[in-house]
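Participant: Model the full assembly from the supplied sequences, consistent with the hints where possible.
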Amino acid sequence: MILRLATGSLLARSLTVGMTILSIALSVALFLGIEKVRTGARASFADTISGTDLIVGARSGSVQLLLYSVFRIGNATNNVTWQSYQDIAARSEVDWIVPISLGDSHRQFRVMGTLNAFFERYKYRGDRALTFAQGHGLNDLYDAVIGADVAQALGYAVGDPIVVSHGLASFTQHDDQPFRVAGIVTKTGTPVDRTVIISLEAIEAIHVDWQGGALAGGQTTPVDAIRQMDLTPTAITAAMVGVSSRLDIFGLQRWINEYPQEPLLAVLPGVALQELWQIVGVAETALVAVSGMVVVTALLGMMAMIFSSLNERRREMAIWRAMGASPATILGLMVLEAALMAAIGAALGFALLYAGLWIAQPMVDAAFGLWLPIDEPSGREFAVLAAVVLAAAVASLVPALRAYRLSLADGMIVRI
Amino acid sequence: MTDAPLSLVDVHFAWPGKGGFALSCPAFVLAPGERVLLLGSSGSGKSTLLSLICGIATPQRGQVLIAGTDMGALRAGARDRFRAARIGVIFQQFNLLPYASVADNILLPLRFAPERRARAADAIAEARRLCMAIGLPDNLLYMPAGRLSVGQQQRVAVVRALIGAPPLIVADEPTSALDAATQDAFLQLLFDQVADAGSSLLMVSHDERLGAHFDRVVRLDEIVTTKRVPA
Numbered sequence: 001m002i003l004r005l006a007t008g009s010l011l012a013r014s015l016t017v018g019m020t021i022l023s024i025a026l027s028v029a030l031f032l033g034i035e036k037v038r039t040g041a042r043a044s045f046a047d048t049i050s051g052t053d054l055i056v057g058a059r060s061g062s063v064q065l066l067l068y069s070v071f072r073i074g075n076a077t078n079n080v081t082w083q084s085y086q087d088i089a090a091r092s093e094v095d096w097i098v099p100i101s102l103g104d105s106h107r108q109f110r111v112m113g114t115l116n117a118f119f120e121r122y123k124y125r126g127d128r129a130l131t132f133a134q135g136h137g138l139n140d141l142y143d144a145v146i147g148a149d150v151a152q153a154l155g156y157a158v159g160d161p162i163v164v165s166h167g168l169a170s171f172t173q174h175d176d177q178p179f180r181v182a183g184i185v186t187k188t189g190t191p192v193d194r195t196v197i198i199s200l201e202a203i204e205a206i207h208v209d210w211q212g213g214a215l216a217g218g219q220t221t222p223v224d225a226i227r228q229m230d231l232t233p234t235a236i237t238a239a240m241v242g243v244s245s246r247l248d249i250f251g252l253q254r255w256i257n258e259y260p261q262e263p264l265l266a267v268l269p270g271v272a273l274q275e276l277w278q279i280v281g282v283a284e285t286a287l288v289a290v291s292g293m294v295v296v297t298a299l300l301g302m303m304a305m306i307f308s309s310l311n312e313r314r315r316e317m318a319i320w321r322a323m324g325a326s327p328a329t330i331l332g333l334m335v336l337e338a339a340l341m342a343a344i345g346a347a348l349g350f351a352l353l354y355a356g357l358w359i360a361q362p363m364v365d366a367a368f369g370l371w372l373p374i375d376e377p378s379g380r381e382f383a384v385l386a387a388v389v390l391a392a393a394v395a396s397l398v399p400a401l402r403a404y405r406l407s408l409a410d411g412m413i414v415r416i
Numbered sequence: 001m002t003d004a005p006l007s008l009v010d011v012h013f014a015w016p017g018k019g020g021f022a023l024s025c026p027a028f029v030l031a032p033g034e035r036v037l038l039l040g041s042s043g044s045g046k047s048t049l050l051s052l053i054c055g056i057a058t059p060q061r062g063q064v065l066i067a068g069t070d071m072g073a074l075r076a077g078a079r080d081r082f083r084a085a086r087i088g089v090i091f092q093q094f095n096l097l098p099y100a101s102v103a104d105n106i107l108l109p110l111r112f113a114p115e116r117r118a119r120a121a122d123a124i125a126e127a128r129r130l131c132m133a134i135g136l137p138d139n140l141l142y143m144p145a146g147r148l149s150v151g152q153q154q155r156v157a158v159v160r161a162l163i164g165a166p167p168l169i170v171a172d173e174p175t176s177a178l179d180a181a182t183q184d185a186f187l188q189l190l191f192d193q194v195a196d197a198g199s200s201l202l203m204v205s206h207d208e209r210l211g212a213h214f215d216r217v218v219r220l221d222e223i224v225t226t227k228r229v230p231a
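Which chain is which? The protein sequence lines are Y and H, in order.
Sequential numbering from 1 applies to the first sequence in our numbering.
Sequential numbering from 1 applies to the second sequence in our numbering.
All clues stand as given, with none of them false.
Incomplete in silico selection of chain H near chain Y, CB under 8 Å:
no., residue
1, Ile56
2, Ala100
3, Leu108
4, Arg111
FYI, nobody ran anything at the bench for these hints, they're computed from the structure.
Even for Gly, the Cβ is constructed at its ideal location relative to N, Cα and C.
Facilitator: The structure is reproduced here in structure tokens:
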């Protein structure tokens, strides 16, 4: 009956109560939404590369190696010689190895030289493989496969010519050897979207006439002659390695790190991603803090609402008192009402969030490559909801205590 | 001998704070089943006296005895329960929680008074019986109280005061919001039901014309002396 009366009292003030509930609902939805985006971003980030056991590059830091080899941010300090690459590839633990060669660019996008095997071996978001939205892989020496962002930003379609620039942000063009767009990779939400992929031989081919970063001599070798040449590279930037047995990962990693002929570094992508996330993670803490403040603001609004309603409810409290309710009952009633509002608000916010997720999930995935999983509400989310209700009850204690004192002083007689 | 439903003994009380109002009442007794009209104009200490009788305020000196129990000797929580159990209260107006149904309003005091609930047996049937007796249509029971007319609301307040037959009914100008014609009818209904429940009635009013209906008329200034503490 008390619960029914509390509900009735809330319904009687449906406009102000509704607004308060709405603000709590929105703040809860925002808080949980941020939480979702945060875990989604973390997961997407960690899912940038999967299925690769080790990334091998010249010795530097693990985060740096990850940044340039996977995220195409920054540059390699040094290359890995073809000899070292072959030594690693010859190890019995190695199931597969895919070399990558970086350094050139096309417009604002990086160019990466690799093998066709890259398209099979590169996995993201669990076990997803790259697929071609259009066209096919690297069949000809002058074939290029472009990521979805490249295609979209530059308006390229299969068959369009591409000229690779030497180095990054460079004015020197490899315009003597134009490429042709052979395929476009489906959007992945990974750095592959922003990469122009050509074959490892093609990287050699466009640098045939280059020595020490400049064109040597005035004559360029004709394309036909280049096609006849041995285009085995002398060095690569990094390599992705898969092992036959996961037990061998650490043994192979140590062997590579102790490789005597050249200083090399092998990192586990997952571990390096974790390290990198710790750096990026500061921003997420700030986000959580801000959305937490929004919840606090909503609860303060509720507190103000209860406060302002106290005066007009003195009569009501007098009736309760006359009927035998103690001031403690009145305090309890106020807290119950606040908890009810918060509970309804929290539940509504929760529903709002899932409805929003359901609608926005495909859009967010398409636009940002950010996969927001809609799974069973976690215990953590329920803990947040419970905390909101609890916080509301605690916040309402302040006006409730005032009601308590008012009802002590007024008793049954209110001078209106 | 049964204890009087209400007796005040050497009561002295002053509201706390400066500019407060002080009141003393040497002796006042209400006999069982008696209907007393307490006449007093506003500012004569009516509200203060009612607060004391209902145990909302406790006297600094003296005793307020309800059926032989000293209200002042009870702890606050017990006093609230005691009030719920022994006293039915009817205000001037705005007696009801407007958002609650008529039935919930009527049953509310029972929530705080197990004895009255036990006496009412089937509470909702009892509420229905009292409503019929006082002329409230049955279908009002589940309407929000705020939708009723003032006259109907006052009658609901009477039903609420009477349910579970508390020994003492305190009414604070219950007719002031009603017009003259309705007043008499209302009082008659009130008296019938009070007599039926065997309760005593203490009604406070400034309207001397009501006196004819009562067993006894007491002027407030005959039993009470007041003084305003200078600020």
